[in-house]
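Here are the chains, one letter per residue:
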Amino acid sequence: MVKRRTDSCRRRVPMCLVAMCGSLLAIAQVPADSVNGKPHEMSGVTVTERRLPVSLTAGAPVQRMEKAELERMGALDVSDAVRHFSGVSVKDYGGIGGMKTVSVRSLGAQHTAVSYDGVAVGDCQSGQVDISRFSLDNVSALTLTIGQGDDIFQPAKALASAGVLSIETGKPDFGAASFRLAARVKSGSFGLANPSLFWAVRLGGKAGLSFYGDYLRADGIYPFEYVNGTRRIKAKRNNSDIQAYRGEANFYASLGDGQDLRAKLYLFHSERGLPGSVIYDNPYAAERLHDRNYFGQLNYEVSFSPKWKLKAAGKFNYVWNRDTDKEAAGMRDDRFRQTETYLTATLWSEPLRGLSFSLAQDFSYNDLSTTLSNCQYPERYTVLTALSAQYWHPVFRITASLLNTYITENVRTGTAADDRQRLSPAVSLSWRPLPSTAWRLRASYKDIFRMPTFNDLYYRLIGNTRLRPESTRQWNVGTTWGGRVSPVVETLDVSVDAYYNKVKDKIVAVPTMFVWKMSNVGEVETVGVDVNVSAGIRVAKSMRFGLSGAYNFMQAEDVTDRDSKLWRNQIAYTPRHSGSGSLTWETPWVDVAYNVVFASERYRMPQNSADNRIRPYSDHSLSAFRTFRWGRHALRLQADALNLGGKNYEIVRFYPMPGRNYKFTVTYYL
Amino acid sequence: MKNYWYKTALAAVVLGLCAACNDDDEETLPPTLPPSETTHGCYVLNTGNWGGNDATIQYFDAENFSIGGDLFGSANGTELGDLGQDLCLYGSKLYATVSGSSKLEVMDRDCKVIKTISLTADDGTPVEPRYMTACGGCVYFTAYDGTVSRLDTASLEVTGRVAVGDHPEALTNANGKLYVNLSDYYGNGTGKSVAVVDVASFTKVKEIPVKQNPYTVCFTGDDSYVYVVSNGNYATPEMPESQRVYATLQRIDPVTDTVEDVCRATYAVNHGNKMYILYSEYYFPEEKRAFALDLQTGAETDFIDLDDFSSPNAIGVNPTTGDVYVADAPYGVNSTVRVYDAQGNLKNTFEAGYSTSKFVFVTE
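From first to last, the protein sequence lines stand for chains A and B. Residues in the first sequence are numbered consecutively from 1, following the working numbering. Residues in the second sequence are numbered consecutively from 671, following the working numbering.
Hint data in this document are derived by calculation from the structure and do not stem from the laboratory. For each residue, glycine too, the CB sits at the ideal point set by N, CA and C. Check the hints yourself; a few may be wrong.
[To be verified] Label pairs and their in silico Cβ distance ranges:
id, chain 1, residue 1, chain 2, residue 2, range
1, B, Met909, A, Arg613, 39 to 47 Å
2, A, Asn404, B, Pro879, 50 to 58 Å
3, A, Arg613, B, Asp975, 33 to 41 Å
4, A, Ile462, B, Gly846, 36 to 44 Å
5, B, Thr991, A, Ala498, 55 to 63 Å
6, B, Thr790, A, Val201, 54 to 62 Å
7, B, Asp927, A, Val383, 55 to 63 Å
8, A, Arg613, B, Gly747, 16 to 24 Å
9, B, Asp1011, A, Ala498, 53 to 61 Å
10, B, Glu877, A, His577, 55 to 63 Å
11, B, Gly747, A, Met331, 31 to 39 Å
12, B, Met909, A, Thr324, 31 to 39 Å
[What the hints assert, rightly or not] Far from chain A, by Cβ distances over 10 Å, these chain B residues were calculated:
id, residue
13, Gly738
14, Asn845
15, Lys876
16, Ser912
17, Arg914
18, Tyr916
19, Arg934
20, Lys944
21, Leu965
22, Glu970
23, Asn1015
So here's chain A without its partners, still in its complex pose (with noise of 0.2 Å):
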């Protein structure tokens, strides 16, 4: 009778590529270095040989795409490129429109923390974020952290997570100009309309102003083909249209004596209509979602001297959500509102040469209201601090840090879940064995755990207060390798990690003599290898090849209850094999790329029978695209086609991804 129906930190790498890729150099260079940077000191060194990209260097995986990589790969919001990060699989429940949700080594989204601008993005009724809601127009470099990151200029949250997907926007880069402005049109298959507008501009000498836009529309009638036995059905989605704003508004300050200020205003509305899963006879579908999300966030950092520095953050937001349905009982017609105040505080020092450490403090509240009937209307206070300490030395990098999370509750009827305290520790250290070469080794253990969201804790006749954390620990040891192979083979980056995962009191709805409810049953094991092969060949001065290859392997299975069915089973979604490879030709005439992503087969539920299985897929796109410039001028013009192989291939079992489609940019620059 419950239908459940549910949904930056600006990191300093470059600067920390910097410091990295000087040590590589020389070690003449290291006493200028350090992980955090220190831009000043390294201005005078003229870096010859390319920087190593921060995958390569980081003490746990993090890998990392630019503007250009995303531009290339033809995507059209943040989770089609997310795809490619090996490791990570993109819940996508198909369309424009469809929810998409990122999950890390198979840990599930609620263990993934996604940062925009350096805070994070939050939702306390659900706890994973739809990913799809943020172009990729306005982005100008996406970073997955996997377990401990280097960088201990942190916010304490940003530790409080078994993976870091972080956004981050650009900043303007005004050259001699004192204004920038970027004009685009998407158009493609499905109806798909995209126009945005980027305008910045410099006010006086150290402040800038930039505002972006754009408007969404698609009608997502897409034809799919399916089988039901002996039975084809062809069919198009229905009530799969979109529209959706877009505003930003950001403002950057240097006010001297090392201070800096940002601040930015975000507004997102959308209206769309979710077609639900094929259901065999049954293509109706009228529900419809309405999101309304607002932020505000204010970021201010200090250097008060090369060896102490302070950053603090504080954002307000408030996200509406109204979902309606037209069903054979009538209108139903439900609203949430959620809000989260969050403000952070980090001071960093380093009191003796490569040995830094840092303090985070971070406070948040919480609270959700629902129209559902016996909606609790609960409250979340969390405290985060965070101590954390690394050590630095030409041929070995270790960082530990220290969580402690305290977290209390209210709810204005019934009761509310017990008050939680939990320490989490976390550790990676980073090897150079030949000091003359870049081969790294690395290793990193953190251990944490995800709070049981509020649809867990409180909706109706489901929740259950009585849960537990779900933790997780993750060991991770890799290798990496970058350089240059031969004046053919320019740039050449291989890293390989093994991985270890253990989750505890996995969280999930379960049968419980005849009521459905949340409870802490689950535990899995994950044995997994991720492989990231790529290379930058040049085959005359003016054509050259970039390659990328990833692949997956994550063996995920529950280990639970020896005497139980799925002992051993894969647990669902998860493909055993997956991966993503590109290659890109670069011409003077045009440029061209084409990218692949592939799984292999998952199953839908927890038990791996054959009833369950979902069949492997690959997506196949092509892009071309040429950039004109006149004077001041530039126009690029790309074209896309994706999903070659046309395939109604599925993510989510019944809800089958658009066929082959095309889409068509065209972007002037001043």
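Starting from the structure of chain A, add chain B where the hints point.
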């Protein structure tokens, strides 16, 4: 040497990409037993997952203790659909309400489809049919548009529809009347009555107040009384006793329409004088029990051990042998059906489909 090395690396990546492009073919359905070739047995309805299109009907040969694969799938070449809610054997035909697919399937005894009746309201919304009862040449079924419909089993046409109340669930017929559970779907205490429909005039005549949330159990006992289980309000220890509504079996006299409590129960099934009861309250786990109630003497005898179950989801009695079938539907796996004799001794166990919800026995 260096050249060779990177060429090999390239080749490995390219090969890896190509190897991933192969798709497998569809699987074949497992073989199944034709019910017509057995002497007695039972149809097993597996509801499946919400949105999973995985409802199935199996046949259990009670003579040889063997279970077949999906009978519907092999007889028709297509799947039954989403959420098989109820199964009814009446005359020479089988009827299945498929709630998610919003249809009624009329089948012969080997599950071969005779007619598929798609069920939508006048405005096109699927009505989500729920439970059935049959009498006088008609099959009556509830639906989430708040109605009971009448299907003429000769013409296989829906010949009438009557509004009964919000979210009607299980129903039965007795003394020329239909008794329809009006559930407490929204959990706000408004669903607490049984609607009465006069069969001859096919009009709703009244509502009988019962305890909160009469849901999936409503049947006519061998003693001609109507038995209804109200699931209550999922009482918690924090609630004062006066606010708690425990899951309760009630009995309605179809002549006077008076209601009396029988005992606490979550599931109940009747065979002669015996009522087999499964009972549990989520927040009072120590109270869970399974027992057989003698309807004449009121004596209770312990039956099976509920600790053997994760979550019982269906109970049925084989009228020929008196064996009791109990389906256990644990999280994420296919159901296990345990077959007990009338004293509660385990005779047999078999695996069914996902979320087994009904046993329909075939007697010669």
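Status of the hints after comparison with the structure:
1. Taken as a hint, the range 39 to 47 Å holds for the pair Met909(B) and Arg613(A), whose Cβ atoms sit roughly 45 Å apart.
2. Look at Asn404(A) against Pro879(B): about 55 Å separates their beta carbons, and that is inside 50 to 58 Å.
3. Checked against the given bound of 33 to 41 Å, the beta carbons of Arg613(A) and Asp975(B), roughly 35 Å apart, stay inside it.
4. Take Ile462(A) and Gly846(B): their Cβ atoms lie about 40 Å apart, and the range 36 to 44 Å holds.
5. In this structure the supplied range 55 to 63 Å holds for Thr991(B) paired with Ala498(A), their Cβ-Cβ distance being about 57 Å.
6. As the Cβ distance of Thr790(B) to Val201(A) is approximately 57 Å, the hint placing it in 54 to 62 Å holds.
7. In this structure the supplied range 55 to 63 Å holds for Asp927(B) paired with Val383(A), their Cβ-Cβ distance being about 60 Å.
8. With their beta carbons about 19 Å apart, Arg613(A) and Gly747(B) fall inside the hinted range of 16 to 24 Å.
9. For Asp1011(B) paired with Ala498(A), a C-beta distance near 54 Å keeps the hint of 53 to 61 Å intact.
10. Separated by about 59 Å at the C-beta atoms, Glu877(B) and His577(A) satisfy the suggested range of 55 to 63 Å.
11. Between Gly747(B) and Met331(A) the Cβ separation comes to about 38 Å, which falls inside the hinted range of 31 to 39 Å.
12. Judged by the Cβ atoms, the range 31 to 39 Å given for Met909(B) and Thr324(A) holds: they are separated by roughly 32 Å.
13. No Cβ of chain A approaches the Cβ of Gly738(B) within 10 Å, the least distance being about 15 Å, so the stated non-interface status holds.
14. Every C-beta of chain A lies more than 10 Å from that of Asn845(B), the closest at about 28 Å, which supports listing it as non-interface.
15. No beta-carbon of chain A comes within 10 Å of the beta-carbon of Lys876(B); the shortest separation is about 22 Å.
16. Remark: the non-interface label on Ser912(B) is consistent with the geometry, its nearest Cβ contact in chain A lying 17 Å away (cut-off 10 Å).
17. Distance check on Arg914(B): its Cβ is at least 14 Å (rounded) from any Cβ of chain A, clearing the 10 Å threshold; non-interface status holds.
18. Under the 10 Å C-beta cut-off, the non-interface status given to Tyr916(B) relative to chain A holds; the minimum distance is some 12 Å.
19. At the 10 Å boundary, the C-beta of Arg934(B) stays outside the reach of chain A, the nearest C-beta of that chain being 12 Å off.
20. At the 10 Å boundary, the C-beta of Lys944(B) stays outside the reach of chain A, the nearest C-beta of that chain being 21 Å off.
21. Every beta carbon of chain A lies more than 10 Å from that of Leu965(B), the smallest distance being close to 23 Å; the non-interface claim holds.
22. No beta-carbon of chain A is positioned within 10 Å of the beta-carbon of Glu970(B); the least distance is around 19 Å.
23. Once the 10 Å rule is applied to beta carbons, Asn1015(B) is consistent with being away from chain A; the minimum gap is 22 Å.
The structure is consistent with each of the numbered hints, conforming to all of them.
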